[in-house]
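Novice: Below, each chain spelled out in residue letters.
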Amino acid sequence: MDTTIENSNLKSEEYFINMGPQHPATHGVLRLLLTIDGEIIKKVEPDLGYIHRSIEKMSERDSYQQIVHLTDRMDYLSSHINNEAVCLTVENALQLEVPERVKVIRTIISELTRIASHCLWWGVMGMDVGALTSYFYGFRDREMINDIFEETCGARLTMNYNLPGGLMYDIHPNFVKRTKDFIAHFKTKLPEYDRLLTGNVIFQKRMKGVGILTKEDAISFGASGPVARGSGYSCDVRKHHPYSAYKNVSFTESLKTAGDSLARYEVRIQEMWESMSIIEQLIDNIPEGDYKVATKAVIKLPKGEFYQKVETARGELGVYIISTGTKNPYRIKFRSPGLSNLSLLNHIAVGGKIGDLVASMATLDLVIPDIDR
Amino acid sequence: MNTMNFTLSTSTTIYEWLLGILPEGWENTANIGTMIVIALIYLAIFAVAGLYLVLLERKVAAWFQLRLGPNRVGFWGLLQTMADALKLVSKELTGTIKADKFLYNLAPYFVIVTSLMALSVFPFTQEFQAFDINIGLFFLIAISSIGVIGILLGGWASNNKFALIGAMRSGVQTISYELSIGLSLVTMVLITGSLQLSEIIEVQKNGWLIVQGHIPAVIAFMIYMIAGTAETNRAPFDMVEAESELGAGFHTEYSGMKFAYFFLAEFINMFIIAAIATTVFFGGWLSPFGITESIPWLGVIWFIGKTFILVFLMMWFRWTFPRLRVDQLLTLEWKYLLPLNLLNIVLMAVIVWLNLTIQF
Numbered sequence: 000m001d002t003t004i005e006n007s008n009l010k011s012e013e014y015f016i017n018m019g020p021q022h023p024a025t026h027g028v029l030r031l032l033l034t035i036d037g038e039i040i041k042k043v044e045p046d047l048g049y050i051h052r053s054i055e056k057m058s059e060r061d062s063y064q065q066i067v068h069l070t071d072r073m074d075y076l077s078s079h080i081n082n083e084a085v086c087l088t089v090e091n092a093l094q095l096e097v098p099e100r101v102k103v104i105r106t107i108i109s110e111l112t113r114i115a116s117h118c119l120w121w122g123v124m125g126m127d128v129g130a131l132t133s134y135f136y137g138f139r140d141r142e143m144i145n146d147i148f149e150e151t152c153g154a155r156l157t158m159n160y161n162l163p164g165g166l167m168y169d170i171h172p173n174f175v176k177r178t179k180d181f182i183a184h185f186k187t188k189l190p191e192y193d194r195l196l197t198g199n200v201i202f203q204k205r206m207k208g209v210g211i212l213t214k215e216d217a218i219s220f221g222a223s224g225p226v227a228r229g230s231g232y233s234c235d236v237r238k239h240h241p242y243s244a245y246k247n248v249s250f251t252e253s254l255k256t257a258g259d260s261l262a263r264y265e266v267r268i269q270e271m272w273e274s275m276s277i278i279e280q281l282i283d284n285i286p287e288g289d290y291k292v293a294t295k296a297v298i299k300l301p302k303g304e305f306y307q308k309v310e311t312a313r314g315e316l317g318v319y320i321i322s323t324g325t326k327n328p329y330r331i332k333f334r335s336p337g338l339s340n341l342s343l344l345n346h347i348a349v350g351g352k353i354g355d356l357v358a359s360m361a362t363l364d365l366v367i368p369d370i371d372r
Numbered sequence: 000m001n002t003m004n005f006t007l008s009t010s011t012t013i014y015e016w017l018l019g020i021l022p023e024g025w026e027n028t029a030n031i032g033t034m035i036v037i038a039l040i041y042l043a044i045f046a047v048a049g050l051y052l053v054l055l056e057r058k059v060a061a062w063f064q065l066r067l068g069p070n071r072v073g074f075w076g077l078l079q080t081m082a083d084a085l086k087l088v089s090k091e092l093t094g095t096i097k098a099d100k101f102l103y104n105l106a107p108y109f110v111i112v113t114s115l116m117a118l119s120v121f122p123f124t125q126e127f128q129a130f131d132i133n134i135g136l137f138f139l140i141a142i143s144s145i146g147v148i149g150i151l152l153g154g155w156a157s158n159n160k161f162a163l164i165g166a167m168r169s170g171v172q173t174i175s176y177e178l179s180i181g182l183s184l185v186t187m188v189l190i191t192g193s194l195q196l197s198e199i200i201e202v203q204k205n206g207w208l209i210v211q212g213h214i215p216a217v218i219a220f221m222i223y224m225i226a227g228t229a230e231t232n233r234a235p236f237d238m239v240e241a242e243s244e245l246g247a248g249f250h251t252e253y254s255g256m257k258f259a260y261f262f263l264a265e266f267i268n269m270f271i272i273a274a275i276a277t278t279v280f281f282g283g284w285l286s287p288f289g290i291t292e293s294i295p296w297l298g299v300i301w302f303i304g305k306t307f308i309l310v311f312l313m314m315w316f317r318w319t320f321p322r323l324r325v326d327q328l329l330t331l332e333w334k335y336l337l338p339l340n341l342l343n344i345v346l347m348a349v350i351v352w353l354n355l356t357i358q359f
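From first to last, the protein sequence lines stand for chains A and B. Using numbering that gives the first Met the number 0, you'd call the opening residue of the first sequence number 0 and step up by one each time. Using numbering that gives the first Met the number 0, you'd call the opening residue of the second sequence number 0 and step up by one each time.
I should point out that these hints are in silico values taken from the structure, not numbers from a laboratory. A hint or two may mislead.
Across the chosen pairs, the derived CB separations fall in these ranges [as the list claims (entries may be wrong)]:
| id | chain 1 | residue 1 | chain 2 | residue 2 | range |
| --- | --- | --- | --- | --- | --- |
| 1 | A | 256 | B | 89 | 39 to 47 Å |
| 2 | A | 183 | B | 349 | 33 to 41 Å |
| 3 | B | 81 | A | 187 | 35 to 43 Å |
Selected chain B positions facing chain A (Cβ under 10 Å, derived; list incomplete) [to be verified]:
| id | residue |
| --- | --- |
| 4 | 23 |
| 5 | 26 |
| 6 | 39 |
| 7 | 41 |
| 8 | 43 |
| 9 | 69 |
| 10 | 72 |
| 11 | 83 |
| 12 | 86 |
| 13 | 108 |
| 14 | 112 |
| 15 | 234 |
| 16 | 321 |
| 17 | 326 |
| 18 | 327 |
We treat Cβ as the ideally placed atom computed from N, Cα and C, and that holds for glycine.
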């Protein structure tokens, strides 16, 4: 007698489900076309373009100072780092040496941005696996960073603090003190994150061995940032191609070899510690000097192609500018970390359950406007 | 209608009052009238109780999450859920065109009616119990498992794949955890020797059952609380709704008051699970060491107080733990809780047989 389902008259068939563009787990307007067999994922097909604002095309119309402001809207959680990427490209093209003070301030704010971004990611990560409380803990600490930003540059999210040639204004007199206060505060709060979520047995069960990405796959999918480092691929731009003040500070690149969701999670937690250490090394000795060098009102890049990459909170952001010598770029292309990290979602989610898909997607830390641009 | 068990003074008082105002020979009408009046009282009390459990949940969540919670409508936000309920009542009932209309409309009533029915057998004090049936515990387990039919119907009839996945998960989950609930209560019944809730409390006058049964009772209580949380589909077992996975799960397509029925039922079910635990493990309306034995009506306060501590415990679970995955949920039940439960029953049987229970 045959009792297995395969050989009986009971039919089971795969079905299709539409996850998004309005779905709590896709954090924005990502649409996933899922092919599911019961609870098991057979295929994940991301459908992009719901928040495409043609930033690259608009940039061809704008001057270089204006392009900086558009980049805020790509990966809005690392807005300062995006600004910095464009500014560095333009400065390199002009062979403009910015003052040491600017480099240090840019680095400190970049690292604060990274902590803020990871705080939000941590909160949302908890929410995606069903622990709603973590969301508010993450936001509590992120608020403090936003307050520091607000005081210094007037904005909390889309900062526009960078300009080709330096910064918009000098830092606020309170900046150093408040940043130190934050570091002291966050050093007591980050262990709380571990106590609430990391050590939880359910959380470990949900994350360990789920969504495995090997080092070879990470490289071939073009993964970068914590996603690739969770698979043991050393790819930190700050380490390998240091820009701004990163060559003056010592920090370790957090690497995990497991390649599962838990590894990617731990890499980000570790990065927050590293970011704090970088800020501590720099905050006490911000060099005196100008906060910008004067540039011409209309910046014209020399004819040629220019590329600069930086490490955002999500991975490697590249800015590629083709200039014909006019005040606008002929073509500008952003290599965003989100797009290549999303491309491996199908690879790591197939064979898992719906819950696994959501958990693995959370560890990719996708920002949809960064993917669509 | 003389088979009705009117031994309790609350119902007797209403019955006599109705007899007094009705003409001679209308005893049956008075009987039915009594039942209707009691039903209405229960309905009113638990509609309000459900609303305030929602408020409590929001406040507890706020305390855990560094927030204030609702504090604008009424003092300390006390009228917030009333306002929400008014809003839900006045909302248009939208539905899907392709839904199976009859089943779609039936489902919320299934859920809310079963949870209200379960309330009728609880002894809130010696005096205040609607029906003291001799299979009270069995009735509770039976009724609480009917509710899942409503969830299955709702998810199936909505004609929505997310709702369907949610409903199927609910079926799987409830069928599995029903076993643990039943078996952990059976463990306690070994001591009481009765399924009648008033008798279960009578037995506990010599010490609450969690003390009488000591080790196996504590194990049974822990299993019961885990399974009870799963039974009410609350986090960390909220596979059925799983907002980050399924949007809203089985009630995705429901709106207005029909949604509110599902929502209220969840909270009343939580109250029921806590109330069963209070009755079976913590002496129901009995005060600790009989300190308020001379004032019987205080039993209500003790009962509600104990219940709310357990409700708070369940809220604590919800706002602390991440959600399990659906296969881990079944692993937990079938591989860990069920074998442990069966062993626990044997242990309890040995303890009762050797008369090792602790009695004061």
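Novice: Determine for every hint whether it applies to the structure shown.
Specialist: We went through each hint and held it up to the structure:
no.: 1; hint: A:256 with B:89: 39 to 47 Å; in the structure: 58 Å, violated
no.: 2; hint: A:183 with B:349: 33 to 41 Å; in the structure: 57 Å, violated
no.: 3; hint: B:81 with A:187: 35 to 43 Å; in the structure: 40 Å, holds
no.: 4; hint: 23; in the structure: 62 Å, violated
no.: 5; hint: 26; in the structure: 55 Å, violated
no.: 6; hint: 39; in the structure: 37 Å, violated
no.: 7; hint: 41; in the structure: 32 Å, violated
no.: 8; hint: 43; in the structure: 32 Å, violated
no.: 9; hint: 69; in the structure: 16 Å, violated
no.: 10; hint: 72; in the structure: 22 Å, violated
no.: 11; hint: 83; in the structure: 19 Å, violated
no.: 12; hint: 86; in the structure: 22 Å, violated
no.: 13; hint: 108; in the structure: 28 Å, violated
no.: 14; hint: 112; in the structure: 29 Å, violated
no.: 15; hint: 234; in the structure: 6 Å, holds
no.: 16; hint: 321; in the structure: 4 Å, holds
no.: 17; hint: 326; in the structure: 7 Å, holds
no.: 18; hint: 327; in the structure: 6 Å, holds
When each numbered hint is compared with the structure, violations occur for hints 1, 2, 4, 5, 6, 7, 8, 9, 10, 11, 12, 13 and 14.
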